[in-house]
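**Q** Here's the letter readout for the chains.
Protein chains: 2
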Amino acid sequence: MNCLQKSATKTYAAVRAAQLAGKSIGLVPTMGALHEGHLSLVEASLAECDHTVVSIFVNPTQFGPSEDLASYPHVLEQDLRLLEERGCWLVFAPQADEMYQPGHGTYVDVGSVAVPYEGASRPTHFRGVATVVLKLFQIIPADRAYFGRKDYQQTLVIRKMVSDLNLPVEVRVCPIIREADGLAMSSRNAYLNAEERQRASLLWQSLKLAEQMHAKGQTEVAVIARSMRELLATDELEAEYIAFLAEDTVQEVTHLEGPTVVALAAQVGKTRLIDNHTIG
Amino acid sequence: MNCLQKSATKTYAAVRAAQLAGKSIGLVPTMGALHEGHLSLVEASLAECDHTVVSIFVNPTQFGPSEDLASYPHVLEQDLRLLEERGCWLVFAPQADEMYQPGHGTYVDVGSVAVPYEGASRPTHFRGVATVVLKLFQIIPADRAYFGRKDYQQTLVIRKMVSDLNLPVEVRVCPIIREADGLAMSSRNAYLNAEERQRASLLWQSLKLAEQMHAKGQTEVAVIARSMRELLATDELEAEYIAFLAEDTVQEVTHLEGPTVVALAAQVGKTRLIDNHTIG
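So the sequences go chain by chain: A and B.
Residue numbering for the first sequence follows our numbering, starting at 1 and increasing by one per position.
Residue numbering for the second sequence follows our numbering, starting at 1 and increasing by one per position.
Incorrect hints may appear among the rest.
Since the list gives no way to pick one copy over another, a pair counts as held whenever it fits inside one copy or between any two copies.
Unchecked claim - 25 Å max Cα-Cα, derived DMTMM-like pairs, lysine to aspartate or glutamate:
(1) LYS23 with ASP50
(2) LYS270 with ASP50
(3) LYS216 with GLU252
(4) LYS10 with GLU230
(5) LYS23 with ASP151
(6) LYS270 with GLU252
(7) LYS10 with GLU67
Hint data in this document are derived by calculation from the structure and do not stem from the laboratory.
Remember, predicted model here, so these are calculated numbers, not experimental data.
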């Protein structure tokens, strides 16, 4: 496929030349194994930008030592076909040693927004995310960059970095795309066996339950969270956390007042899944 | 002066427009109180770039709590006059709250090169330097950026950050500019009283002594360092450190073989000064 590029300097040169020629650039950073969620980001970029660049890089610095870096799905040929069909202009798919030279030592830390929830479970995760996204923003100086809402806390980390470091890019956050039974699309869903896949749909059911309880007037977070945990337990699922957060923050609320993001993480078999839903 | 700009977004817009019009941009980041050292950087940029941007910002995040942030010289009118005379295109001189919004939490850490020497004396210094320079590189996406060799370790920190984070800027490091008696130019020299100013010239004399001893065949670092300390002691100066470093690194050497940077720091009265000189 002629739009595949593995070199950071050649990618920068191509993007830069297009910009000097007056073209706007959209970037969709991914780890590959593309699903409809990713493709919805690509569609958003195609609609808003002259050229759409997709990066495909399974970033080692955002995986903890006991996590799934080695088993993370790699299906580059299939990804390239999907992107070509949609009219993607350039795919940047570097090798690990192109992104991290020997002796790499520089990291970006965004502070408090990266500390709880996913940051607590995965202590170096957001440092790795922020660092690689900053690098991608330098290699591909896009006008707009597209992220999925499923990784809610990640979107806050990226927005915080962009704001604090004056990065000249507009961050667009696009809605979660779900399977027919509500399971949020994720490359990690491929790890689930048939039985786990079925149980995983309870995550979305528990988020819908929160929405329904709130719609019927329940505003006590503790009550809603207890019901969610009870629902998850019906199929032996236990949430690592269920957090009710004032929208666009990681500030917990105890009473539902304004828009609130209900975010959760749970282990389904050996696969750790996250999801979230805004209510109120 | 019409080239003064205090707004980050307006500065970015001006630089970006110039680049889209095909102009190359040079950036000279400073903390103001400009001396001939700074102006040599401006001259280097003027010679190589279509437009020269100078930033003037006394960056609070690179000062420790007991350091001289409050007393650091501010002479903006004088600085602007000097820059206008030389044909500087734009001066970005933001207020602190333009650079650091309330709740700022993102920092860049470059790792091991920032740890010893200046990093040991000033634990958060290089984190603050790297962060503000990265921010300036985003606000002023220059083709080239100019730094003085006096801050030797700082130049390594900047180069490491630029390399590790794929920043699309060429880093230029320019020679130290010295007073007639050899004292390296520094805005902090203004703190020295007449007696301290005289004693301060011993720093350069000790660096010259190292060069002379090496020229006469001495290769033992311990011997040279002892002689340097003896010379400094003749006027009651004591180096905080004297380091012999393989050029472009913070790796100490014990025998002089290839090009070696002799770097030192010393307190002269209440003023902490640094200097360095390459020998071998």
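**Q** Could you tell me which of the hints above the structure violates, numbers in ascending order?
**A** Numbers 2, 4, 5, 6 and 7 - these are the hints that the structure violates, sorted from lowest upward.
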